[in-house]
Amino acid sequence: MTRAIDIQGIRKAFGANAVLEQVDLSLEAGEVLALLGPNGAGKTTLVKILATLLRPSSGGGRVAGFDLLKEPERIRRQVGILGHGSYVYEDLTAQENLRFWATMAGLPADAGALRKALAAVDLEMVAGERARTFSSGMKRRLALARILLGAPRLLLLDEPYAGLDQQGKKWLEEVLLDFRGKGGAVLMATHSFGRGLSIADRVAILAGGRIVLNRPRASLDLEELHRLYALATDDDA
Amino acid sequence: MMFARRAWIVLWKDLLTERRSKESLNALFFFAVLLLFLFEFALGPDRERLTAALPGLLWLGFILAGLLGLGRTFLVERENDCWEGLLLTPGDKGAIYLGKLAVNFLLMAAVAIVLLGLFGIFYNVDLWASLAPLSIVIFLGTVGLASVGTLFGAMTSQVRARELLFPLLLLPVQVPVLLGTVKATEAVLQGLALAEVAHWLKLLAAADLVYLVVGILTFEFVLEA
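Going down the list, the protein sequences come from chains G and X.
With the working numbering, the residue at position 116 of the first sequence is 116, and numbering never jumps.
With the working numbering, the residue at position 150 of the second sequence is 150, and numbering never jumps.
Derived from the structure by calculation, the hints contain no laboratory data.
These figures come from a predicted structure and were not determined experimentally.
Backbone N, C-alpha and C fix where the C-beta goes; we use that ideal spot for every residue, glycine too.
One or more hints might be untrue.
If you want the ones that stay clear, here's a sample from chain X, every Cβ over 12 Å from chain G, calculated [stated by the list, open to error]:
hint: 1; residue: Leu87
hint: 2; residue: Gly91
hint: 3; residue: Pro176
Cβ-to-Cβ under 8 Å is the rule here; a few derived chain X residues that face chain G [claimed, not checked]:
hint: 4; residue: Phe3
hint: 5; residue: Arg5
hint: 6; residue: Thr17
hint: 7; residue: Ser21
hint: 8; residue: Lys22
hint: 9; residue: Leu25
hint: 10; residue: Glu84
hint: 11; residue: Ala132
hint: 12; residue: Ile136
To spell it out: a stretch of chain X is covered by chain G in this simulated footprint if at least three of its residues, at any positions, have a beta carbon under 8 Å from a beta carbon of chain G; those stretches are [said to hold, decoys possible]:
hint: 13; segment: 8-16
hint: 14; segment: 70-80
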């Protein structure tokens with residue numbers, strides 16, 4: 001089966017400031033990778049490169065089976081990204097937001113399909129309400145509905161638990177487990193040792209722009225992970 | 001077909017947002033009225049002088065209102081990083097440009113209708129007789145203004161000094177449109193037939209076509225930059 005992510009030697013510099021250095025990373029279909037790292041480690045930059053929002057300064061590889069540098073358009077059809085922004089238009093209702101993004105992606109945008117997508121994220125009751133009235137957690141749910149509507153093969157999540165309450169976090173885990181169960185791959189970038197670790201199959205630590213650890217989750221107990229993380233990030237500091 | 005659907009949904013989304021927020025329309029209408037007052041104060045009550053300056057004033061009003069409205073086109077996309085979402089949508093990005101252009105054209109056309117009506121009332125000019133040829137000139141001029149304005153609005157929306165940069169980029173490129181529209185409007189208001197200013201209309205149509213094609217072809221690069 002094609003790897004969801006298979007990148008080698010990724011480097012990204014903004015002027016003289018190198019944010020990523022020689023990043024190699026792979027992720028199989030049906031796996032969840034928790035990418036840990038302190039603020040400023042380069043997690044968001046890496047997520048944006050994988051989503052084809054940024055072009056690496058050097059290096060390359062394949063995402064969702066397509067060449068990162070030569071086939072960004074094809075990658076975009078296979079990847080769903082939940083970044084810091086929710087891509088929600090505040091003056092549109094939840095259903096109108098979904099209708100807009102579904103049409104832009106060339107997906108069916110009939111009322112039935114949209115209602116089903118909203119029901120999957122527990123927003124069916126507020127389908128006709130403007131996003132301006134939503135909490136940040138509800139906007140994250142709406143963003144996830146937009147992503148799942150496109151049936152992606154790979155989810156790129158940047159701090160996915162931010163803005164979610166306990167119930168929302170539990171719900172997100174269930175959604176991700178279901179996605180993984182259907183063969184989808186998830187890369188979850190986070191700076192906290194929160195809930196994400198419980199569903200991760202692999203754990204990677206990004207510090208100082210480099211992957212300093214990449215191991216199966218089962219091979220690490222939480223205490224050891226904390227110790228390795230502290231070591232890696234202390235070196236970084 | 002998909003291209004048209006995407007362009008339409010961008011138009012639908014922006015018109016719906018504008019109908020609910022009324023941010024651009026309200027500001028543009030007040031701005032247009034203020035301009036008319038300013039022109040009246042600057043030129044005084046001399047009707048002959050006003051009539052001679054009318055085509056220039058009319059287009060100055062359109063252009064200034066355009067600077068205000070067109071520069072805001074992509075600001076809505078900055079909210080919640082929607083710009084990124086547009087960038088990630090697969091398919092020809094020219095559809096986004098066309099949708100945005102259509103929104104801008106409709107907004108500018110609405111401003112033009114209001115401005116024309118107010119000009120007629122304020123300066124006691126009978127525009128009714130020359131309404132049909134004037135509409136053709138305004139249509140061509142508005143397409144030219146909106147097509148370049150949409151492209152430059154996208155270019156400058158992500159930069160810090162956008163309010164300064166937008167007019168600096170837009171105005172020089174608008175010279176052929178301004179020249180053509182002012183000359184054609186002058187002739188139409190003097191009661192001349194459109195055939196007598198056909199060369200200006202051809203210039204306008206050619207400029208519109210060039211701006212439109214350049215906009216569609218380059219928008220993807222502007223969005224990715």
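Checked hints:
{"no.": "1", "hint": "Leu87", "verdict": "violated, 7 Å"}
{"no.": "2", "hint": "Gly91", "verdict": "violated, 6 Å"}
{"no.": "3", "hint": "Pro176", "verdict": "holds, 34 Å"}
{"no.": "4", "hint": "Phe3", "verdict": "violated, 10 Å"}
{"no.": "5", "hint": "Arg5", "verdict": "holds, 6 Å"}
{"no.": "6", "hint": "Thr17", "verdict": "holds, 4 Å"}
{"no.": "7", "hint": "Ser21", "verdict": "holds, 5 Å"}
{"no.": "8", "hint": "Lys22", "verdict": "violated, 10 Å"}
{"no.": "9", "hint": "Leu25", "verdict": "violated, 14 Å"}
{"no.": "10", "hint": "Glu84", "verdict": "holds, 6 Å"}
{"no.": "11", "hint": "Ala132", "verdict": "violated, 37 Å"}
{"no.": "12", "hint": "Ile136", "verdict": "violated, 33 Å"}
{"no.": "13", "hint": "8-16", "verdict": "holds (count 5)"}
{"no.": "14", "hint": "70-80", "verdict": "holds (count 3)"}
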